[in-house]
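Next come the chains, spelled out residue by residue.
Protein chains: 2
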Amino acid sequence: MLRIYALRLPLSNLSLFSSHSQKPRLNNNYRTMMNYTKAASSQAFKNKKLLFRQLFEKDSSTYTYLLADVAHPEKPALLIDPVDKTVDRDLSLVKELGLKLIYAINTHVHADHVTGTGLIKTKVPSVKSIISKASKSKADLLIEAGDKIHFGDLFLEVRATPGHTLGCVTYVTGDGSDQPQPRMAFTGDALLIRGCGRTDFQGGSAHQLYQSVHSQIFSLPKETLIYPAHDYRGFTVSTVGEEMQYNPRLTKDEEMFKSIMENLNLPYPKMIDIAVPSNMVCGLQDLSVKPVDASSN
Amino acid sequence: MLRIYALRLPLSNLSLFSSHSQKPRLNNNYRTMMNYTKAASSQAFKNKKLLFRQLFEKDSSTYTYLLADVAHPEKPALLIDPVDKTVDRDLSLVKELGLKLIYAINTHVHADHVTGTGLIKTKVPSVKSIISKASKSKADLLIEAGDKIHFGDLFLEVRATPGHTLGCVTYVTGDGSDQPQPRMAFTGDALLIRGCGRTDFQGGSAHQLYQSVHSQIFSLPKETLIYPAHDYRGFTVSTVGEEMQYNPRLTKDEEMFKSIMENLNLPYPKMIDIAVPSNMVCGLQDLSVKPVDASSN
Numbered sequence: 001m002l003r004i005y006a007l008r009l010p011l012s013n014l015s016l017f018s019s020h021s022q023k024p025r026l027n028n029n030y031r032t033m034m035n036y037t038k039a040a041s042s043q044a045f046k047n048k049k050l051l052f053r054q055l056f057e058k059d060s061s062t063y064t065y066l067l068a069d070v071a072h073p074e075k076p077a078l079l080i081d082p083v084d085k086t087v088d089r090d091l092s093l094v095k096e097l098g099l100k101l102i103y104a105i106n107t108h109v110h111a112d113h114v115t116g117t118g119l120i121k122t123k124v125p126s127v128k129s130i131i132s133k134a135s136k137s138k139a140d141l142l143i144e145a146g147d148k149i150h151f152g153d154l155f156l157e158v159r160a161t162p163g164h165t166l167g168c169v170t171y172v173t174g175d176g177s178d179q180p181q182p183r184m185a186f187t188g189d190a191l192l193i194r195g196c197g198r199t200d201f202q203g204g205s206a207h208q209l210y211q212s213v214h215s216q217i218f219s220l221p222k223e224t225l226i227y228p229a230h231d232y233r234g235f236t237v238s239t240v241g242e243e244m245q246y247n248p249r250l251t252k253d254e255e256m257f258k259s260i261m262e263n264l265n266l267p268y269p270k271m272i273d274i275a276v277p278s279n280m281v282c283g284l285q286d287l288s289v290k291p292v293d294a295s296s297n
Numbered sequence: 001m002l003r004i005y006a007l008r009l010p011l012s013n014l015s016l017f018s019s020h021s022q023k024p025r026l027n028n029n030y031r032t033m034m035n036y037t038k039a040a041s042s043q044a045f046k047n048k049k050l051l052f053r054q055l056f057e058k059d060s061s062t063y064t065y066l067l068a069d070v071a072h073p074e075k076p077a078l079l080i081d082p083v084d085k086t087v088d089r090d091l092s093l094v095k096e097l098g099l100k101l102i103y104a105i106n107t108h109v110h111a112d113h114v115t116g117t118g119l120i121k122t123k124v125p126s127v128k129s130i131i132s133k134a135s136k137s138k139a140d141l142l143i144e145a146g147d148k149i150h151f152g153d154l155f156l157e158v159r160a161t162p163g164h165t166l167g168c169v170t171y172v173t174g175d176g177s178d179q180p181q182p183r184m185a186f187t188g189d190a191l192l193i194r195g196c197g198r199t200d201f202q203g204g205s206a207h208q209l210y211q212s213v214h215s216q217i218f219s220l221p222k223e224t225l226i227y228p229a230h231d232y233r234g235f236t237v238s239t240v241g242e243e244m245q246y247n248p249r250l251t252k253d254e255e256m257f258k259s260i261m262e263n264l265n266l267p268y269p270k271m272i273d274i275a276v277p278s279n280m281v282c283g284l285q286d287l288s289v290k291p292v293d294a295s296s297n
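Read top to bottom, the protein sequences are chains A and B.
With full-length UniProt numbering applied, the first sequence covers 1 to 297.
With full-length UniProt numbering applied, the second sequence covers 1 to 297.
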């Protein structure tokens, strides 16, 4: 491999350093690349509107995602899977970036941490909480497969991905020429990087999870970015193509997958008895706003 | 604020959901945005070549960065600030993505963890270790301000940013029309998100750090992305503009900054006596490859 490499490019150690020189080396590979760049330049630059931040909560290894349409005059923003412990951090960032937080969204009823949704609503009452209707939880807005959540001129599309829990959904950035490319899928615990959520609680089903991931996530373009609700090994992002090729569970056939999931021998989730009751009301024991079923419109 | 918002866009909760509909709502704001998108589309789409991954090591809260030119036939890649504990994870990812790792680079001699550079070299002997000449460490390649580190047709430019340690450098993606935009600055511990590294060990100097950040990092375009070596609160990225506005230390004048840094009362770094001697030889106590001074060429 090294030999082939050395033949194709003059990559001796020192030739890679053009010390104190502003002009890139021009060789055949470079010229080929210039042509490539020219071709690529004709594509639309589609991410100018989206401000995106990935945020990590260390105790539960949870990722919270901040998305905003910063090209819109109001800079409307949403948070996906906020955590109670990091609400102040998240709201400070929203304020510093000059965003208007309009939604606090959950991918599902988490069992390992308390959602930040309720706390956010107490601090910013205009924010609306969102969760799936299938989760049987309370929230300001209950969504279903096919719904679109608009923020400015960007939107998330809702895909039902049950299996980790009965009400799990995946939020995917829009499929339009004016939406970010590549698309981004916020998969919750349905699909993790080189893994997936457990299926032994909260209406979980290995059969359903397998079908969900294959029909709703692996059907997206291969370059689609996968942003999960957790990572325990320090990965921050993957792609549909990568998981289709390297996910150690979901590359197996369904029978093998079910066998893997049945034999995980995981301990009882230590936070489940606190987290689930709280998260069933989006972190608000006394939710003052009557739930609205958006999907009926 | 909410009133103004409601006046400008019909953002009642339900109107934001176009349930089961593929066609975005068309209103005046949307049409304005379409014009914006058209204008934005004329800009070059410059990130097609770069594969970028941010990786986290939880014990020391260290970020490792993987960059590769995936448009190049050899997919040459480099790792910035790898950690010994996560070398297997990083090398697996490199392999799965079909990359050819050519460099393992440090921003400085870390005091809180052992670099993964040495371990990487034992596993992939063709990889070259890189650190600054000013660090007085051993490595395959010793770099200085103004040097460029090429990988495929992309490159990193080296900026000297001493102050946390004597030999700290910041690596910045190239300033060319064929390089990623916005630029990305890998700042090590010189500039952290809403913070900076301590200045009381390893030749540290609050005066130098203040000058380094202001002259070498805050002089970059405001949209430049800041990727630090650590974050302890779950942030993953910032921008030059954000830090110029909100960094609680580096927005102060130099005297105030020095006063802050002199009164941090931080404990003695628990890993320093193990990490520094190891990192002075890039994780290899018996470095078989004679150091080469790239800057002399």
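Read the hints as simulated data drawn from the structure, not as lab findings.
Be aware that a few hints might be false.
Any copy will do: because identical chains look the same in the list, a pair fits if it lies in one copy or spans two.
Stated by the list, open to error - Listed below are the simulated DSS-like cross-link pairs for lysine-lysine, each with C-alpha atoms no more than 25 Å apart in a straight line:
1. K49 x K222
2. K252 x K75
3. K252 x K48
4. K270 x K58
Predicted model, so just to flag it, every value in this text is computed and none were measured.
Hint-by-hint comparison with the structure:
no., hint, in the structure
1, K49 x K222, "both (23 Å within a copy, 17 Å between copies)"
2, K252 x K75, "neither (43 Å within a copy, 28 Å between copies)"
3, K252 x K48, "neither (38 Å within a copy, 31 Å between copies)"
4, K270 x K58, "both (16 Å within a copy, 20 Å between copies)"
The structure does not agree with the numbered hints 2, 3 stated previously, though it agrees with the rest.
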